[in-house]
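Protein chains in written order, with my numbering: chain A, 18 to 304; chain G, 1057 to 1388; chain H, 847 to 1125.
Do not take every clue at face value.
Pairwise CB distance ranges (calculated) [to be verified]:
#1 A/Leu50 - G/Pro1125: 44 to 50 Å
#2 G/Thr1327 - H/Arg1015: 52 to 58 Å
#3 A/Pro121 - G/Thr1265: 47 to 53 Å
#4 A/Ala29 - H/Glu1115: 52 to 58 Å
#5 A/Ala45 - H/Arg950: 38 to 44 Å
#6 H/Ser1022 - G/Tyr1176: 28 to 34 Å
#7 A/Pro121 - G/Asn1233: 53 to 59 Å
#8 H/Glu1115 - A/Arg209: 30 to 36 Å
#9 A/Lys34 - H/Glu994: 30 to 36 Å
#10 A/Arg209 - H/Gln892: 44 to 50 Å
#11 G/Gly1345 - A/Phe32: 50 to 56 Å
Taking lysine-lysine and the DSBU-like style, the derived pairs with C-alpha atoms no more than 35 Å apart in a straight line are [said to hold, decoys possible]:
#12 G/Lys1292 - A/Lys34
#13 G/Lys1292 - G/Lys1186
#14 H/Lys993 - G/Lys1292
#15 G/Lys1136 - G/Lys1124
Source of the hints: derived by calculation from the structure; they are not laboratory data.
Just so it is clear, CB atoms sit at the ideal spot from N, CA and C, and this is done for glycine as well.
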Amino acid sequence: MTKGKLERRHVAEAFVKGLMYLSIALVAGSLALILLTVLTRGFPALSWEMVSKPPQGGYYMGKGGGVLNAIIGSLYLAAGGTLTALVLGFPIALYLETYLGDSPWGRYVRLSLDVLWGIPSIVYGAFGFTLMLAIGLRASLLAGIIVLALLELPIMVRAMDEVIRRMPVDLEQAALALGSTKLEVAVRVVTRQMLPGIITAILLGFGRGIGDAASVLFTAGYTDRITTSLLRPTASLPLAVFFQLASPFPEVQKRGYASALILTIIVLVISLGSRWISGRLSKYTVK
Amino acid sequence: MEGSQKNETGSFATAEGRADYGPSAAARIRADHNAKGAFSILAVFPVILIAIITIAMILRSWPILGSKPLIETLFGDVWKPQDGRFGFWPFLAGTAWVTAVGLGLAVVPCVLTALYLSEYSNSITRAVAKPVLDLLAAIPPVVYGVWGLLAVVPFVELVLAPFARRWLRAIPVFAVNQPTGFSILAGGIVLAVMVAPFIIAVLYEILDTVPEELRHASLAVGATRWQTIRGVVIPKVLPGMVAGIVLGGSRALGETIAVLMVVGNVVQVPTSVFDAAYPLPALIANNYGDMMSIPLYDAALLGGALVLLVVILVFNAISTLVLQRLLGRRWT
Amino acid sequence: MNSADMNSDVARGNMAIPTLESRGPAVGADPHIQVRNVNAFYGKVQALANINLEIPRRQLTVIMGPSGCGKSTLLKTFNRFLELTDGARVSGEILVDGRDIYAREVDETEVRKRVGLLAQRPSPLPMSIYDNVAYGMHVHRMKRSRKEYKEAVRHYLEIAGLWEEVRLRLHDPATSLSIGQQQRLCLARGLAVEPEIILGDEPTSALDPISALNIESRLLDLKRVYTTVIVTHTLRQAKRLADHVIYMYLGEVIEAGPAREVFSNPKHERTRAYLDGQF
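The following block holds chain A by itself, in its conformation from the complex (with noise of 0.2 Å):
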């Protein structure tokens, strides 16, 4: 029984063993790597005031303000998308749950569901304006609201239909007897049962919203002023950081790298913080 480990199959098993670590590494690595460079060349380019002004005139030349513009607005863009989202997504969700199931038409709209999901935010983007274009819509918060919508609508759906999904029918079967008709048994049991994973959802969608630059590209526009109508054009971050990148002067694209931070720091709060939330609320939710 101890014939030694150096028949060939185990030597195969160790390459392959130190192969995958290997793999891991590279893998563990570029996110250090990642969140290692934008901290270290972001920092030291952030300053109160970056996060608390617009930029002044001729801020891409070097002269004072901050992306304060960009904050708010892709804060309002993603609120307003992931609200749309929400408002679409939830009840398609229910439904597809509740009634539709694994009928014929359900599977239609969830393989639907999946190829929304796949399509690239570019060609939402190039969408929302033919859309624009069609309906006489200027760049605006609006139109990047709507795009932002379509986009997270797929992730949303998908996200609480997973909770749905995995809703154990007891609950659903004991409220049917006791005599809810089946809407009343959606709202209810379901909706708080779910609520762990509708926060997941609404924070998943929110994430992507604000970091999306592609969609909001065609649709948004861009303004080095704070956002304060849904008709007009609103700035983003992540076209602050890439419209900072642009400029020959190294002050701008320092602060641009500052941005990417802020941009990166909104995401990684929102990241951990859903983990954080569906961990608290799921102890009212039965598994």
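Please build the complex by placing chains G and H on the supplied structure of chain A, with the hints as guidance.
For chains G and H alone, kept in the frame of chain A given last:
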């Protein structure tokens, strides 16, 4: 018994049979029906949306689809919008090169990582891995672009290119023809890291469908874990793994911003991974500003978006169907 | 004659499989497995407490007891399968032919080659009938030519009593077999790597009665060559099969001894209660 048949909502309540419960029962059931009607319209929305998007893109790019034979447009390599010449070939080639490099770099590490998580690791390791992968997936593309600019491009320029110039001179694909690090290789590296969390997650899901008993059956006759992986696990789910990788590829195809920032954006048909290129999404993103000022330009750019859409739809639909069949349900 | 010689005699078809008449002597002589001070834990929960026992060579030992008493856990310590469960720990020694299989330098895949396991639910590998039986032999590179593999596959299918039924469709997928046939296939697959010990974790409880009896008669035939340890939760099956009996309750061994003695004259209160059908 009269009035005790279940109606379609699954409850025994009927307005007549339960008069003592008052009108609320009837009202509730009506609300149920109304909701069902309203919701069903909403539920069909995703299906309709795909159709709307596709039709809209076709309509907007119609002028350019019809003006010349499609083959000439797709495979022509002259791109001079001012002269009305729209040959897409450099952009199609650029997209293909970057995606191929990105996918090629990602496949092996992703497969190995997914295998490790599924076959070797314990639950603690997996619990640590999940947040790491989720974080990688959550990082916005523009931040990947910044990382690409700050870390990957210099790496290509100062480490990989000299290496290739010295040792790989004989291989045309690795020829170094330009001095900067803005290249397909840089784009591929960034893409690889971007799609990695997705591919790993899908592959892991697929591996998870293999019942533990099957692994036990192999281990029970004294096979090593790796022998079990090769002989039992992978053969069982190979189609699914391929589908997952293809799906990752279609995600890489559409990634715009991060690649745009590191790939050089030079209109040419690439011949080496160290060449700069101009992928289709980058074309659309970079030039949307000029779209309305040159005739047919908007149709051309949206035509490019249409090409992207069609290719991605085809790959997505096929892979998703394969995965759905294997996983028995929708995958996350 | 040691067990290795007996194995190859049977393998060459030289030896008639002895009948049921003579049941073996008490363990004392030359135990195949010795368990010393074994404790097993799933995380913080203790599944086995202070197990000390011996498994007699070339007899059929039955581990019986109410559900949850640790029978399967104990069985899985014999082929080092317990450690496959996340968080499971084993302490103590388990000696097979005098050597501790949990010693540091021991290769657990070799242990599993020598100690085979027949699981409760048949799990044919996703390949043909032929490939299933040949699988283990390929893993350990036990034969040298295609011809040798073919002969061995036939031989083990015969021993498992499956040959006649599958000889014309060896390359059909194994999943096309009935569940009773699949279990016999798993038996053939396990025997093909030439173990010395066969473990059975309730090997018939997923089968219909006819297939179950079939497997039982296979095991009875084989026990003369292979030391066999079966876990069962049916008292009747224990009485049908056992030469040697181990009764467990709540993770401890309550009583162990030759079947005759334990069934007719149990020494412990609990054993008596179990045999009387109290639980």
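| task | Provide an ascending list of the numbers of those earlier hints which the structure does not satisfy. | result | 3, 5, 8 and 10
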